[in-house]
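Spelled out from the first residue to the last, the chains are:
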Amino acid sequence: MSLVDILGNALGLGPLGPLEDLLLSFVGAAFVGTFILLNTAVAGPWAKRKITAAFTDRVAVNRVGPFGLLIIIADAVRMLSKELIIPDGVDRPAFDLAPLVLVASALLGFAVIPMGNGIQLADPEVGLAFLFAVASIASVSLVMAGYASNNKYSMLGGLRAVAQNVAYEIPLVITAMSVVLFAGTLQTSGIVSAQAAPLVTIAGVSIPSWYAFVNPFAFVLFIAANMAEVGRNPFDVPEAPTEIVAGYQTEYSSVYFVLMYLGEFIHIFLGGAILATVFLGGPAGPVLPGIVWFTIKIWAFFLFTQWARSALPRVRIDQLIEIGWKGLLELSFVNLILTAVIVGVIV
Amino acid sequence: MSLEAPEPSTHADVGVTEEGLDYDALESLLGDAVIGRETHVNAEAFVVRPDRVANALSVLKEEAGFDHCSCVTAQQYEDRYESIYHLKKYDDPTQEVGVVVPTSVSKPASQSGESVYRTADWHEREAYDLVGIDYDDHPDLRRILLPETWQGHPLGLNYDQEQHQVVPLTEHANPLQEDHQEGADTMFLNVGPHHPATHGVLHLKTTLDGEQVADVESDIGYLHRCEEQICQQGTYRHQIMPYPDRWDYISAGLLNEWAYARAAEDLADLDVPEYAQIIRTMSAELCRIASHLLAVGTFAIDVYGDFSAIFMYAFRDREVVQNILEDLTGQRMMFNYFRLGGVAWDLPEPREEFFEKTRDFLDELPTRLEEYHNLISSNEVLQLRCVDTGIIEPEVAKDYGCTGPVARGSGVDYDLRRDDPYGYYDQLDWDVITEGGCDNYSRVLVRLREVEESAKIIEQCINLLEEWPEDEREIQSNVPRTLKPDADTEIYRAVEGAKGELGIYIRSDGTDTPARFKIRSPCFSNLQALPEMAQGEYVPDLVAALGSLDIVLGEVDR
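Protein chains in written order, with our numbering: chain A, 1 to 347; chain B, 1001 to 1558.
There's no promise every hint is true.
Some chain A residues close to chain B (C-beta under 10 Å, calculated; not the full set) [stated by the list, open to error]:
no. : residue
1   : R78
2   : L159
3   : A240
4   : E243
5   : A246
Here are some chain A residues the structure puts well away from chain B; computed CB gaps all over 10 Å [unchecked claim]:
no. : residue
6   : A10
7   : S253
8   : L288
Hints in this document: simulated from the structure, not taken from any laboratory. Yeah, the Cβ is synthetic: ideal placement off N, Cα and C, and Gly gets one too.
All chains, full assembly: derive it from the sequences and hints.
Structural data, given as structure tokens:
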């Protein structure tokens, strides 16, 4: 049952006409969007400060409100009230569109993610393909931002972003393919339900057949490619402060900067959501409701990216490309072929 | 002189005798280039004809083994301009010689030494900029510290301090214009003056070929604060000492103060009580630890690219050192603790507490360093980034006058604390650290390992201080209220600062202020070698190389 039907039932509307269906879809989208933005825009930046501080032996925000929570409001007011500076010679439509495309592409991905308790906006049969397709639109926005900014650092950042995304998109998709071989479907809900069966039962505790347990090799590959895809350390070369200042977002200020920044956050969470769906059983988990487990899982991935950020140096652009083309790509194909053989022979 | 690589000389140490340098042998080696002799406090100096400079320097370098052009001092007298090349040997820096090149006031031009020592390039540019001497055959004689549009030479005798510096708008019409080079397949990129990785205000004019550095040129001087001139206006006894803290302002203050103290004490022939020497040694090494920790932390930022754990850890540990130094000197950065002939005051009371605090830090240090090694030196991603990048070969490093961890990271075994002993270093048990990798990684490793050595020194100093009899704690020798060293005595003395050889040249004119005060900054020479390290590397390695040089712009620009 999709989110729209649930909403319809809750409102007692009975069978839905096309107009009602459309309206409820908007309501559902608003709900999902708000949920994601609460996580990424409101809790995310605050949590990032606190988490990084914990890793680096600091305290971080603690003066504004309890645990510094009200800093979120202060930050929002500060960011939104700053002057929007648009440099001379920028390519206007592209410069303006880039932040929107970045945020939109990331948010759109959540439409097909099953978040538990029936919260899933749409469940197309090509769900996973849709997910990757939408997520990779982000690279377009990064190129737009980099190229339109009329700044050399931005351009270097944009070019790096493309090189990186091209190099890591393929291993990412190929690794996800191996899961599809197991699950036999591209539908996200199908992939999640395929992971529900118990794998082994040890002393009464049954371990579900999450693909992270079934194929840990693919899981590790996927995490590595995913880190590069969302552009986090040690693969944050498109931004690379200290090298190219801020990469593609060097010239963005005020609201545009907020959107860029937000888009990146949503992308990290989308990366976490894909990881949870494909490898960690989606919203599955004991005792707590599905949506809570889902939230925990995406936050776990976020935590992981912050850990890497504090502990790992950034690789160089040429090394990054080398790791992508010469390492992950080969390994992901090996993984795919092995999986295909195993699935073909055993299952 | 010929440009071909010279044959390895069979007598590369002409003039070396058991009792020290035989300057007569050196003089006869130079032949008719020499027109006179001067005696400086640190060494003899030959007065050389202005048209034979390169020849004389080359002979001294190739045949007498003076491979280290430590500094070039320029100054104006009433009747002449003078450039002094302070030469040393990397093998034994106590073997020094000066090459004095006088030129006329009407046409101050002498031959450039750049063809012999690459390091002379920037030094001569500075001499041209501030004093106004022209160097013939210099490849690129432009202003270096002051803006291109500056009128006059501020350290010249007839410079008008009141003169307005008028810069017409046309000078700054469109600084981006020359940016667009038609048909070029390289890209010009301004790294700095405002850039996250320049450690201050440094401007790197970078030419990129794709992501690789085709050429890089440092544009310095943004932080020029006339430190030399300030010192020339201060009295020896008290007014100069606060300023060294502000050269290398990143917690290396006491090391800088020691550079001035050593030069001035030798100039005025002042003694320093042994007890004060131990305090100096201990506190200077504390500064070195603080400085090296910061260098490692900021280098980590340059490579990690984000506020990483290691950066904050470095600051956390540096904080402890700062607290100890605050207890000792009353200040956290601008110490002003050394005095000519000793130090300002004794250790803080109760002494036991100070010793305990310092010992606690030293006891904790190995664990901390272990953590650094885990995060930095044994981190494979960092090794991937830093090993074999930013290479500078030992011979090139020497040619550029590199000193300190930069030289020692290239395997040049050169440390003034051991090679030209001062303070209490020669009584203590410690080692000079060298690494042979010549790369970014080696330079960082040298700093990390030097922290251990500094800790060893501090420990021994503390033991000595603790057992020192109470009635013999003499912190200052008897120094005249007004110091007036004899007229026309000249000295060039260096100490091992945090970044390398920090030298001071002072010429007295019989008054209570120096007639010429010249600072030889290690960062200035080290930074000059950046293109050698960065050319052909990727942009990230340019940034890493800059970080591994550990420059402080306050010291580069003075």
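Verification of the hints:
1. R78: Violated. Min distance 20 Å.
2. L159: 9 Å, holds
3. A240: 6 Å, holds
4. E243: Interface hint status for E243/A: holds (5 Å vs cutoff 10 Å).
5. A246: Because about 9 Å separates A246/A from the closest Cβ in chain B, which is inside the 10 Å limit, the hint holds.
6. A10: 45 Å, holds
7. S253: S253/A is indeed farther than 10 Å from all Cβ atoms of chain B, at 15 Å.
8. L288: Per Cβ check, L288/A is outside 10 Å of chain B; nearest 32 Å; holds.
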